[in-house]
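Protein chains in written order, with the numbering used here: chain L, 1 to 283; chain F, 1 to 283; chain R, 1 to 283; chain C, 1 to 283.
FYI, nobody ran anything at the bench for these hints, they're computed from the structure. Keep in mind that this is a model prediction, so the values were computed, not measured. There's no promise every hint is true.
Identical copies go unnamed one by one, so any copy, or any two together, can satisfy a pair.
Said to hold, decoys possible - Think about it this way: if two alpha-carbon atoms lie no more than 16 Å apart in a straight line, the pair counts; the simulated EDC-like pairs of lysine to aspartate or glutamate are:
1) K159 - D179
2) K47 - D228
3) K159 - D12
4) K226 - E89
5) K226 - D215
6) K47 - D262
7) K226 - D48
8) K227 - E89
9) K227 - D262
10) K227 - D48
11) K198 - E106
12) K8 - E43
13) K226 - E113
Number of protein chains: 4
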Amino acid sequence: MIQTVDFKSIIDRYQVVFFDSFGVIKNYKGLVPGMRNTFDYLEAQGKDYYIVTNDASRSPQQLASSFVKLGLEMITPEKIISSGMLAKEYLNLKVHDGTVAYLGTEDSAHYIESAGLHTLPVKAIDESNIHQINGLVFLDDEGFNWYRDLNKVVNLLRKRNIPAIVANTDYAYPLTNTDVAIAVGALANMIEHIVGKKFIRFGKPDSQMFMFAYDLVREANPALGKKDIVMVGDTLHTDILGGNKFGLDTVLVYTGNTLPEDAAMSITSTGIVPTHICENAVV
Amino acid sequence: MIQTVDFKSIIDRYQVVFFDSFGVIKNYKGLVPGMRNTFDYLEAQGKDYYIVTNDASRSPQQLASSFVKLGLEMITPEKIISSGMLAKEYLNLKVHDGTVAYLGTEDSAHYIESAGLHTLPVKAIDESNIHQINGLVFLDDEGFNWYRDLNKVVNLLRKRNIPAIVANTDYAYPLTNTDVAIAVGALANMIEHIVGKKFIRFGKPDSQMFMFAYDLVREANPALGKKDIVMVGDTLHTDILGGNKFGLDTVLVYTGNTLPEDAAMSITSTGIVPTHICENAVV
Amino acid sequence: MIQTVDFKSIIDRYQVVFFDSFGVIKNYKGLVPGMRNTFDYLEAQGKDYYIVTNDASRSPQQLASSFVKLGLEMITPEKIISSGMLAKEYLNLKVHDGTVAYLGTEDSAHYIESAGLHTLPVKAIDESNIHQINGLVFLDDEGFNWYRDLNKVVNLLRKRNIPAIVANTDYAYPLTNTDVAIAVGALANMIEHIVGKKFIRFGKPDSQMFMFAYDLVREANPALGKKDIVMVGDTLHTDILGGNKFGLDTVLVYTGNTLPEDAAMSITSTGIVPTHICENAVV
Amino acid sequence: MIQTVDFKSIIDRYQVVFFDSFGVIKNYKGLVPGMRNTFDYLEAQGKDYYIVTNDASRSPQQLASSFVKLGLEMITPEKIISSGMLAKEYLNLKVHDGTVAYLGTEDSAHYIESAGLHTLPVKAIDESNIHQINGLVFLDDEGFNWYRDLNKVVNLLRKRNIPAIVANTDYAYPLTNTDVAIAVGALANMIEHIVGKKFIRFGKPDSQMFMFAYDLVREANPALGKKDIVMVGDTLHTDILGGNKFGLDTVLVYTGNTLPEDAAMSITSTGIVPTHICENAVV
Chain L
1 MIQTVDFKSI
11 IDRYQVVFFD
21 SFGVIKNYKG
31 LVPGMRNTFD
41 YLEAQGKDYY
51 IVTNDASRSP
61 QQLASSFVKL
71 GLEMITPEKI
81 ISSGMLAKEY
91 LNLKVHDGTV
101 AYLGTEDSAH
111 YIESAGLHTL
121 PVKAIDESNI
131 HQINGLVFLD
141 DEGFNWYRDL
151 NKVVNLLRKR
161 NIPAIVANTD
171 YAYPLTNTDV
181 AIAVGALANM
191 IEHIVGKKFI
201 RFGKPDSQMF
211 MFAYDLVREA
221 NPALGKKDIV
231 MVGDTLHTDI
241 LGGNKFGLDT
251 VLVYTGNTLP
261 EDAAMSITST
271 GIVPTHICEN
281 AVV
Chain F
1 MIQTVDFKSI
11 IDRYQVVFFD
21 SFGVIKNYKG
31 LVPGMRNTFD
41 YLEAQGKDYY
51 IVTNDASRSP
61 QQLASSFVKL
71 GLEMITPEKI
81 ISSGMLAKEY
91 LNLKVHDGTV
101 AYLGTEDSAH
111 YIESAGLHTL
121 PVKAIDESNI
131 HQINGLVFLD
141 DEGFNWYRDL
151 NKVVNLLRKR
161 NIPAIVANTD
171 YAYPLTNTDV
181 AIAVGALANM
191 IEHIVGKKFI
201 RFGKPDSQMF
211 MFAYDLVREA
221 NPALGKKDIV
231 MVGDTLHTDI
241 LGGNKFGLDT
251 VLVYTGNTLP
261 EDAAMSITST
271 GIVPTHICEN
281 AVV
Chain R
1 MIQTVDFKSI
11 IDRYQVVFFD
21 SFGVIKNYKG
31 LVPGMRNTFD
41 YLEAQGKDYY
51 IVTNDASRSP
61 QQLASSFVKL
71 GLEMITPEKI
81 ISSGMLAKEY
91 LNLKVHDGTV
101 AYLGTEDSAH
111 YIESAGLHTL
121 PVKAIDESNI
131 HQINGLVFLD
141 DEGFNWYRDL
151 NKVVNLLRKR
161 NIPAIVANTD
171 YAYPLTNTDV
181 AIAVGALANM
191 IEHIVGKKFI
201 RFGKPDSQMF
211 MFAYDLVREA
221 NPALGKKDIV
231 MVGDTLHTDI
241 LGGNKFGLDT
251 VLVYTGNTLP
261 EDAAMSITST
271 GIVPTHICEN
281 AVV
Chain C
1 MIQTVDFKSI
11 IDRYQVVFFD
21 SFGVIKNYKG
31 LVPGMRNTFD
41 YLEAQGKDYY
51 IVTNDASRSP
61 QQLASSFVKL
71 GLEMITPEKI
81 ISSGMLAKEY
91 LNLKVHDGTV
101 AYLGTEDSAH
111 YIESAGLHTL
121 PVKAIDESNI
131 HQINGLVFLD
141 DEGFNWYRDL
151 NKVVNLLRKR
161 NIPAIVANTD
171 YAYPLTNTDV
181 AIAVGALANM
191 IEHIVGKKFI
201 RFGKPDSQMF
211 MFAYDLVREA
221 NPALGKKDIV
231 MVGDTLHTDI
241 LGGNKFGLDT
251 VLVYTGNTLP
261 EDAAMSITST
271 GIVPTHICEN
281 AVV
């Protein structure tokens, strides 16, 4: 078993902390006990922090509300960088007219829509509107009939050469301590293989997530650099790989995807090495 | 455009013909016009033939009935080699007790069941029976709720280290002249990536399909060898690649997946070269 | 640690034994101690056996000589099924004229040449002969300049739409107790990705290897079936996966690629489950 | 054939132009005729430009010298963003002590070394220094013995759990109008598959390349945004996919990897759609 270190001793060395959300701040049981202390401590020390999450199912406002409900009222929408925000920026920059079709809940679509784009659930695509569709977004694994709508998506992408955006690259997410659910990233991957086209993916480990947060850091304090930031996550392939690649120091915690008894083996077999390992992100 | 040759001139050179079913004998419109002549001719010439199909949704008996309905009463069950038969043989040899869970219609399961195995649709898996399950088969894309049952399969394979058999390796199949449907092979692939285990696949281009048919050929006439057989198919990646690899001559026809205007480019870009190309498999 | 069973108690239950060569009969130190007893025992019991090996660098005659040198004079060429034999059969059936280019030693090429095919080392390809080349075989990782000849192969396959045959699918093989060497299967894979074409692979876990041996079994004794055969190997992804898929019972041994301390974890994470596990293949 | 548009009419709409180097400014024949006019025009119009290149074999200074030799003395080192610069930044941030091993020429290593890191060619790795090595970089396909050093790299990565950085993600590059050469990205991919670890890749289409250039744009003129920039490239999978994903408009030119007669088919089959298509990047 790898020796863990005290989380407080780690964050004392950095000016800014990036947190993954699910598996670090909360998990399937709710708030990770003690996390309120962590954010109080950061506020007291005047250290900046951001939540960097592969979640495209809700807007930063909705995500922030969910933190408030857990008693973390300091996590305001401006503190949150989600893969859905990158998808929305892409659509704003690259899809100038027409309609964007989506797979996901109405909530996730409403958030994209608020940017001035017309959205259409995949189930509503028919011969009358298929030629107005100029983009497709995979937002969430819920809110649609998989059989009907995944088949519709395959045929949409065969008929219209439009960009397909994957706003959450995860393959699965934990539901309980024993069960996981298939995430929209896995559905998107399957369809990409069937239609043979290149999809556009947003989400850790991709650098664009970190860049977005890093821009906010430098805006608040231009003197800060990558050496001043530490990324805290529970997943080697997204949080740690992405943080490392972007040039950040990284902390692996055991409150989510990675179990203490598997950590050493996973790190060796993947070659993804966190800078530090802590039991949890609690000070 | 590649110059095609007359199908009759091709089969006159061989003693045995292997046919793919969908895209060669029939397609989404029904029987390919003229195919009755082909089988009459083969019968008249005393040439042997087999149908080699990636279909695990029905038994050879059921598949033969469907040919009879199209007016091809000479295609008896003994003429049919399906990927489902290989899955059934595997289960007979390798799963000695307990229950086999499946994704597919009741029809597809009944066929496996007839071999003396207990089967259970994935939807019926629960805490009371999960420990009796000693194998899982992907039979068909229909007959189950994708959202509920694909998620159940992921969790079954995380909890029980059992063989997962893919009885149809196709990714998609044509529904109409413009639309395709996602096949169970693509669903299986997605789940294989999520759970990180090796699944066992049956179906062209795998050699085991051809070996099964070749055994029947040699049983009927031990003097025949691979040089006496030609494989006729509409798909480069399954029929032609598999036939070539097994050492057979191959014929690509244009009545299914491969369009005349795309053939030259597909052959060049994949490196999968049929021995002959014909408009169709009609004499 | 998984409880192992006595190898003799296993083979007493079967009529025929298939052995992998490297990692089971011999390894980097030479003959696995005691293997002479195993073959004496099989001979005394009148049980049949075959060596099923992913080795295309030498002919069955040359491979048998190497066993004789280790004191196993009962392993005659007829007992050996190598992936090179499948490559040779493919070339005989499918490449009717012209020349076959190869990567490997002269020894490996001489063996293909003995089948009546003209062979040419990749280094000798030039403008004067490139249009006579009707096939390419990856035989061995030795015998050529990697930089010069791998680059030549890429350009050959861009200019000539010919079949590329991979006669050994392994990615790496052990050199000492700490070091491995890159095998020709990995080089072939790299080039397949660069040129974007489908290569034809022979070697375990592919069924064609087992079919070849199974044909010999049934020729010697038509009463035998797959249930009478056990496959013994040291590698989950080739020997055990391939044996399982072909419908054979399988034995994993610890004298090669799989270490006792890793076996349980490897079996769980890959889902490749041997029927039995033994320390070694010694009676 | 797709209708192309005049390059001048395109760049008149943007404030900043990002150029790929090979296939756009120069190709295997030398300078693309007329490119001098393009840079004169940009200078005259006061438009900013950057060269964004997957080249880790030389420093920006060396790359700039090569442009001067072609008569493009306006392309100074500050105008050049190479994947090698990202690799160097990564090493500076993440490898604090010890030695970095490399595959490539001495030139490529000298450039990394100039950042204060100790470098060691892979050929010089032995038992005495292997434990000091804290990182490995794939810099160039030249400057080493492939057989000896690729095998050494595999064993290095099996013995030491260190980051492996791929400073050029290309699989192949053009040598003449008919021939290509295998690039270091393909070698790195092969080794990643053999050792089963995650490597860290820098180079288009990855966003980090574009982010680096975009930071320079905003430093020079904070009023500019992504809408003011156009990326010009010859390769769909790197320049166009990467530019699109970063949110930039893109121009495909026909002076490199993409031939006019293949463009429509490539765009349809990959789903990678440039905003504009021009014969070349000449005004």
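Outcome of the hint check:
In the homo-oligomer, the alpha carbons of K159 and D179 lie at most 16 Å apart only across protomers (9 Å), although the nearest pairing inside one protomer, at 37 Å, exceeds that limit. In this homomeric assembly, K47 and D228 come within 16 Å of each other (Cα to Cα) only inside a single copy, at 10 Å, whereas the closest approach across copies is 34 Å. Proximity of K159 to D12 under the C-alpha cut-off of 16 Å is found in neither arrangement, the shortest distances being 55 Å within a copy and 33 Å between copies. Proximity of K226 to E89 under the C-alpha cut-off of 16 Å is restricted to the inter-copy arrangement: shortest distance 10 Å between copies versus 23 Å within a copy.
For a Cα distance limit of 16 Å, the shortest separation of K226 from D215 qualifies both inside one copy, at 11 Å, and across copies, at 14 Å. Taking CA atoms no more than 16 Å apart as the test, K47 paired with D262 passes in neither setting, with 32 Å inside one copy and 44 Å between copies. In the homo-oligomer, the alpha carbons of K226 and D48 lie at most 16 Å apart inside one protomer (13 Å), although the nearest pairing across protomers, at 27 Å, exceeds that limit. For the identical chains of this complex, K227 and E89 are inter-copy neighbours only, at 11 Å across copies versus 27 Å inside a copy, given an alpha-carbon limit of 16 Å.
Proximity of K227 and D262 under a CA criterion of 16 Å is satisfied in neither setting, with 29 Å inside one chain copy and 38 Å between copies. For a Cα distance limit of 16 Å, the shortest separation of K227 from D48 inside one copy, 14 Å, qualifies, whereas the shortest one across copies, 30 Å, does not. Within a single copy, K198 and E106 get their C-alpha atoms no closer than 26 Å, and across copies no closer than 36 Å, so neither meets the 16 Å cut-off. With identical chains, the CA atoms of K8 and E43 are at most 16 Å apart within one copy only, with a shortest distance of 14 Å there and 53 Å across copies.
For the identical chains of this complex, K226 and E113 are neighbours neither inside a copy (34 Å) nor across copies (21 Å), given an alpha-carbon limit of 16 Å.
Checked against the numbered hints above, the structure violates hints 3, 6, 9, 11 and 13; every other hint is satisfied.
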